[in-house]
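Peer 1: What follows is the residue order along each chain.
2 protein chains.
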Amino acid sequence: MELINKPITIVGGGLAGSALALLLGQKGFPIQVIEKRPQQSENIRARSINLALSDRGVKTLTKTGYVDDILKIAVPMKGRMMHSLDSVQTFQAYSSDSNKHLYSVSRQLLNDKLREHAEKLDNVKFIFSDACKSIDVKQCTVETQEKNKEKYEASTIIGCDGAFSAVRGSMVRLDRQDYSQTYLKHGYKELCIPSGPNQSYQIDKNSLHIWPRGSFMMIALPNIDGSFTCTLFFPFDGPLSFSSLDTRDKVDQFFKDYFPDAYNLMPNLLDDYFDNPTSSLVTIKTDPYHYQGKACLVGDAAHAIVPFYGQGMNAAFEDVLELVNCFDDKSLHIGGESGKPTFDNDHFNNIYSKYQTNRKANSDAIAEMAVENFFEMRDHVGDQLFLFKKKVEHLLELKFPSRYISRYELISFSTQPYSIAQKIGLANQEILKELVKVDNIQDLKIQTIDKIKEMERISQLFKSSSNYTHVFMIGQSIHCHCNY
Amino acid sequence: MELINKPITIVGGGLAGSALALLLGQKGFPIQVIEKRPQQSENIRARSINLALSDRGVKTLTKTGYVDDILKIAVPMKGRMMHSLDSVQTFQAYSSDSNKHLYSVSRQLLNDKLREHAEKLDNVKFIFSDACKSIDVKQCTVETQEKNKEKYEASTIIGCDGAFSAVRGSMVRLDRQDYSQTYLKHGYKELCIPSGPNQSYQIDKNSLHIWPRGSFMMIALPNIDGSFTCTLFFPFDGPLSFSSLDTRDKVDQFFKDYFPDAYNLMPNLLDDYFDNPTSSLVTIKTDPYHYQGKACLVGDAAHAIVPFYGQGMNAAFEDVLELVNCFDDKSLHIGGESGKPTFDNDHFNNIYSKYQTNRKANSDAIAEMAVENFFEMRDHVGDQLFLFKKKVEHLLELKFPSRYISRYELISFSTQPYSIAQKIGLANQEILKELVKVDNIQDLKIQTIDKIKEMERISQLFKSSSNYTHVFMIGQSIHCHCNY
Numbered sequence: 001m002e003l004i005n006k007p008i009t010i011v012g013g014g015l016a017g018s019a020l021a022l023l024l025g026q027k028g029f030p031i032q033v034i035e036k037r038p039q040q041s042e043n044i045r046a047r048s049i050n051l052a053l054s055d056r057g058v059k060t061l062t063k064t065g066y067v068d069d070i071l072k073i074a075v076p077m078k079g080r081m082m083h084s085l086d087s088v089q090t091f092q093a094y095s096s097d098s099n100k101h102l103y104s105v106s107r108q109l110l111n112d113k114l115r116e117h118a119e120k121l122d123n124v125k126f127i128f129s130d131a132c133k134s135i136d137v138k139q140c141t142v143e144t145q146e147k148n149k150e151k152y153e154a155s156t157i158i159g160c161d162g163a164f165s166a167v168r169g170s171m172v173r174l175d176r177q178d179y180s181q182t183y184l185k186h187g188y189k190e191l192c193i194p195s196g197p198n199q200s201y202q203i204d205k206n207s208l209h210i211w212p213r214g215s216f217m218m219i220a221l222p223n224i225d226g227s228f229t230c231t232l233f234f235p236f237d238g239p240l241s242f243s244s245l246d247t248r249d250k251v252d253q254f255f256k257d258y259f260p261d262a263y264n265l266m267p268n269l270l271d272d273y274f275d276n277p278t279s280s281l282v283t284i285k286t287d288p289y290h291y292q293g294k295a296c297l298v299g300d301a302a303h304a305i306v307p308f309y310g311q312g313m314n315a316a317f318e319d320v321l322e323l324v325n326c327f328d329d330k331s332l333h334i335g336g337e338s339g340k341p342t343f344d345n346d347h348f349n350n351i352y353s354k355y356q357t358n359r360k361a362n363s364d365a366i367a368e369m370a371v372e373n374f375f376e377m378r379d380h381v382g383d384q385l386f387l388f389k390k391k392v393e394h395l396l397e398l399k400f401p402s403r404y405i406s407r408y409e410l411i412s413f414s415t416q417p418y419s420i421a422q423k424i425g426l427a428n429q430e431i432l433k434e435l436v437k438v439d440n441i442q443d444l445k446i447q448t449i450d451k452i453k454e455m456e457r458i459s460q461l462f463k464s465s466s467n468y469t470h471v472f473m474i475g476q477s478i479h480c481h482c483n484y
Numbered sequence: 001m002e003l004i005n006k007p008i009t010i011v012g013g014g015l016a017g018s019a020l021a022l023l024l025g026q027k028g029f030p031i032q033v034i035e036k037r038p039q040q041s042e043n044i045r046a047r048s049i050n051l052a053l054s055d056r057g058v059k060t061l062t063k064t065g066y067v068d069d070i071l072k073i074a075v076p077m078k079g080r081m082m083h084s085l086d087s088v089q090t091f092q093a094y095s096s097d098s099n100k101h102l103y104s105v106s107r108q109l110l111n112d113k114l115r116e117h118a119e120k121l122d123n124v125k126f127i128f129s130d131a132c133k134s135i136d137v138k139q140c141t142v143e144t145q146e147k148n149k150e151k152y153e154a155s156t157i158i159g160c161d162g163a164f165s166a167v168r169g170s171m172v173r174l175d176r177q178d179y180s181q182t183y184l185k186h187g188y189k190e191l192c193i194p195s196g197p198n199q200s201y202q203i204d205k206n207s208l209h210i211w212p213r214g215s216f217m218m219i220a221l222p223n224i225d226g227s228f229t230c231t232l233f234f235p236f237d238g239p240l241s242f243s244s245l246d247t248r249d250k251v252d253q254f255f256k257d258y259f260p261d262a263y264n265l266m267p268n269l270l271d272d273y274f275d276n277p278t279s280s281l282v283t284i285k286t287d288p289y290h291y292q293g294k295a296c297l298v299g300d301a302a303h304a305i306v307p308f309y310g311q312g313m314n315a316a317f318e319d320v321l322e323l324v325n326c327f328d329d330k331s332l333h334i335g336g337e338s339g340k341p342t343f344d345n346d347h348f349n350n351i352y353s354k355y356q357t358n359r360k361a362n363s364d365a366i367a368e369m370a371v372e373n374f375f376e377m378r379d380h381v382g383d384q385l386f387l388f389k390k391k392v393e394h395l396l397e398l399k400f401p402s403r404y405i406s407r408y409e410l411i412s413f414s415t416q417p418y419s420i421a422q423k424i425g426l427a428n429q430e431i432l433k434e435l436v437k438v439d440n441i442q443d444l445k446i447q448t449i450d451k452i453k454e455m456e457r458i459s460q461l462f463k464s465s466s467n468y469t470h471v472f473m474i475g476q477s478i479h480c481h482c483n484y
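Protein chains in written order, with full-length UniProt numbering: chain V, 1 to 484; chain S, 1 to 484.
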């Protein structure tokens, strides 16, 4: 059965593009994927980036049918390992439920897996080493610039080509396309803790390691070969910044001072620091995500976000699943449920419109929460009240596991829409604001004990209930009790 | 004296570019202006747009020394003429001071005046009919695409090339350049009320005519030849919109129904409606405005705004004046006040940094206020409380002329920075909120009389004072008096 005459052209064969090619390919559509990079990445080292894969991403991988094979390359992370200035490590489990974990996964290896499974399909073709010269979304054509100098005709173009998307670029030049790019004043640099003897892990394998230092921080995620990829998030400018660390001596001293335990495990630190690029952190938004059934944006191309919830890839995979589900949605057929799918521009327009309706608010929500989390980490890490709030929140999670769910939990360990997580997060803030009301910051410790006792007492009264109103009432009761 | 080796290259010879070429040319700098349009606009009709010139713009024109010559082409507008659905006209003077007026001025004629005065200078050269192919801000070169296919080397590039600026385009592709474009759901179309016999004006010459109709409106500004250029602001989509008026009959009926008096004066309405483009309304923001002393943005290129305060051109002229003043600022010379001006990249960087510091907050303020004014006009025109507030505001202006100044007045009839106008506008809102507090919307009329009486009484008490705190206190006093 020929579903469509011309292929669906996916621009970009990265994570989103490969996953989409695989899932749409499985439905029988002719697919061509145009990828500017060569098939085998020439510089694996430079691409040894790893990412945190959470439930949202796993859900999409499950849909492909290859999740077990794919998770072979993933390292489970069961919690955060905090590294203090004096090299003390403190483990914080993500959950008392040991089944809840994130995965650390190599971008390159995951990409290879998805692409290889997609390429096994006869109707899916990858075209490598060919960047787009121009994309005409009105004509549905993609002209490439390198070897082939080919003009590809498509039934529809799907842009999976990342934060600096060429497909989006051609849409932004059309009339009435909203667009914004907003940079943080921080950038990041990738570094490495190599494996020990026999590919052993030099720090705990099953943790996401964090070195929080106020206005900057470093994190490290495990790779399957025993190494860790570290990321330093650091201001571009200022007294302690990428600009200020301009000699090998200064970089050496900086790591010795601020990350002493990691420093001892990073023999190539100085070369890595000066060889690896300093990258910027951007939030990109656009509206609409699609153009008249002829073009549609997926993942970073539609909404690049900053990495402070580790959700960029997961959000992209959610897009992919939503778009694939819209392809299946019979109510979007021309002629409604009874109509046969036509997969013409009108039908694609229906598909893309529903995709946008279901994704836009969620992408905006995770974009905002990720930036918020950055400022929270940067500005409040030494703030006594903030830390107290975090403790109270942790207590609430323990005491009311089915009733109080933190925003972090909702984002990282559920598939609740991001916009719902954002709303519940705001409700949580209200509850916490009530709970931590203190007349004097000095009284915090005493009040903590009072509050815990009281929370335990009141929790008995509300045992049977399971909604937020009650948790909120508990908050108010505790507050009243503590202050009067 | 050769101030610099290579010329200052101004991209765009529109209003901002021509004014800047004139003012910098007068300082002796070698200037080249690259303008994509031909010297004589081939289609004067299509360009017969007129604009409202206010005190801010006049201040810049005064600086050129040619203000009297330029104002010969301007028609003073002393107030608004409101046209109701049943063709009743109501005049609202802008001010009791008859010296306060706006000017209606043809974009094309004003542009010609500024360019002609600039071209008289030996050191200023305009290059016409040559659009930019590529701009390399790092190398300070501008490559053009048409006749000349020339590569121009510049000591610095100043982008005066409008909302879709090529100079800004090259900056946005660099790292860490914030950018946004945000469209309204309304668009606009220009129409015409031609002159009567002997170039007579068919409606009042010295007014800005407004046909407010809730979700849409039309305005008309006088031209010196007796005609009026009308602008219809109208939704793109919906039951009554540019999309819905898709036949000559529908357009005819629409104007008959909603603008009956204007309809009778528009013999070419249907041809104009279908021949003239439907244009979109965009707000464009970017940050920073400049790049390392090599490029700088001025006017719409830096901050396109929607026209609902009639301030786009005036804001651009303020930019020009600010930038020219920064060129004069001795404290920005390398080596401070004592240093000789070098006009190298470092010096230009100082100039542009100060220009940005002084302009960015103001451009953002007028951009926000213009959008706000659009929503206010669209959503509140039939709102009783809103109209009452406007009446009370008018009263305050009359009673406390030196103490209560409306935001409109600050924007249109002062050169107070836009950001100050925005702040005072917020204070005004607080005052008005106090003053119009009513328990029941039905009591509005009775309370109005009470409040006016009370305001008169209290105004005596505060005669000697002249600051906002007192006006605010008056507001509170009146509120107390009325309600208790």
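Derived by calculation from the structure, the hints in this document are not laboratory data. Note that the structure is predicted; figures quoted are calculated from it, not measured. Check each hint, because a few of them may be wrong.
Here are the simulated lysine to aspartate or glutamate pairs, EDC-like style, with alpha carbons at most 16 Å apart [claimed, not checked]:
no., chain 1, residue 1, chain 2, residue 2
1, V, Lys27, V, Asp328
2, S, Lys389, S, Glu430
3, S, Lys78, S, Asp55
4, V, Lys285, S, Asp178
5, V, Lys391, V, Glu409
6, V, Lys185, S, Asp175
7, S, Lys285, V, Asp178
8, V, Lys354, V, Glu322
9, S, Lys437, S, Asp383
10, S, Lys360, S, Asp328
11, S, Lys185, V, Asp178
12, V, Lys125, V, Glu153
13, V, Lys63, V, Glu409
14, S, Lys391, S, Glu434
15, V, Lys185, S, Asp178
16, V, Lys433, V, Asp383
17, V, Lys185, S, Glu430
18, V, Lys340, V, Asp329
19, V, Lys433, V, Glu368
20, S, Lys185, V, Asp175
21, S, Lys185, V, Asp287
22, S, Lys340, S, Asp328
23, S, Lys285, S, Asp364
24, S, Lys189, S, Asp237
Peer 1: Indicate, hint by hint, whether the structure satisfies it.
Peer 2: Going down the list of hints, with the structure as the test:
For a cut-off of 16 Å, the pair hint linking Lys27(V) to Asp328(V) stands: about 9 Å separates their Cα positions. Restraint check for Lys389(S) and Glu430(S): satisfied, since their Cα atoms lie roughly 11 Å apart, inside the 16 Å limit. Annotation: proposed proximity of Lys78(S) to Asp55(S) holds, straight-line Cα distance about 13 Å (limit 16 Å). In summary, the hint linking Lys285(V) to Asp178(S) is supported, as the alpha carbons are separated by about 12 Å, within the 16 Å threshold.
A C-alpha spacing of about 15 Å is found between Lys391(V) and Glu409(V), which places the hinted pair at or below 16 Å, so the restraint holds. For the proposed pair Lys185(V) and Asp175(S), the alpha carbon gap of about 12 Å is at most 16 Å, so the pair holds. Note on Lys285(S) and Asp178(V): the hinted pairing holds, with a Cα-Cα distance of about 12 Å set against a maximum of 16 Å. A distance of roughly 9 Å separates the Cα atoms of Lys354(V) and Glu322(V); the hinted pair therefore holds under the 16 Å criterion.
Straight-line distance between C-alpha atoms of Lys437(S) and Asp383(S) comes to about 15 Å, which keeps the hinted pair within the 16 Å bound. The straight-line distance between the Cα atoms of Lys360(S) and Asp328(S) is roughly 20 Å, outside the 16 Å bound, and the hint therefore fails. For the hint pairing Lys185(S) with Asp178(V), the CA-to-CA distance comes to about 11 Å; that is within 16 Å, so the pair holds. Between Lys125(V) and Glu153(V), the direct Cα distance comes to roughly 14 Å. Compliance with the 16 Å bound is thereby established for this hinted pair.
In summary, the hint linking Lys63(V) to Glu409(V) is not supported, as the alpha carbons are separated by about 23 Å, beyond the 16 Å threshold. For the suggested pair Lys391(S) and Glu434(S), the alpha carbons sit about 14 Å apart, so the restraint of at most 16 Å is met. Among the hinted pairs, Lys185(V) with Asp178(S) is consistent with the structure: their alpha-carbon atoms are about 11 Å apart, no more than 16 Å. Pair hint Lys433(V) plus Asp383(V) holds up; C-alpha atoms about 15 Å apart against a cutoff of 16 Å.
Between Lys185(V) and Glu430(S) the CA atoms are separated by roughly 35 Å; this puts the pair beyond 16 Å, and the hint is violated. Restraint check for Lys340(V) and Asp329(V): the C-alpha separation of about 11 Å stays at or below 16 Å, so the hint holds. Restraint check: the Cα-Cα separation between Lys433(V) and Glu368(V) comes to about 21 Å, which exceeds 16 Å; the hinted pair is violated. Between the alpha carbons of Lys185(S) and Asp175(V) the distance comes to roughly 12 Å, so the proposed pair stays at or under 16 Å and holds.
Proximity of Lys185(S) to Asp287(V) is assessed by CA-CA distance (about 12 Å); at most 16 Å being required, the pair is judged to hold. For the hint linking Lys340(S) to Asp328(S), the alpha-carbon distance of about 12 Å falls within 16 Å, and the restraint holds. For the suggested pair Lys285(S) and Asp364(S), the alpha carbons sit about 8 Å apart, so the restraint of at most 16 Å is met. Proposed proximity of Lys189(S) and Asp237(S) is supported: the alpha carbons are some 14 Å apart, at most 16 Å.
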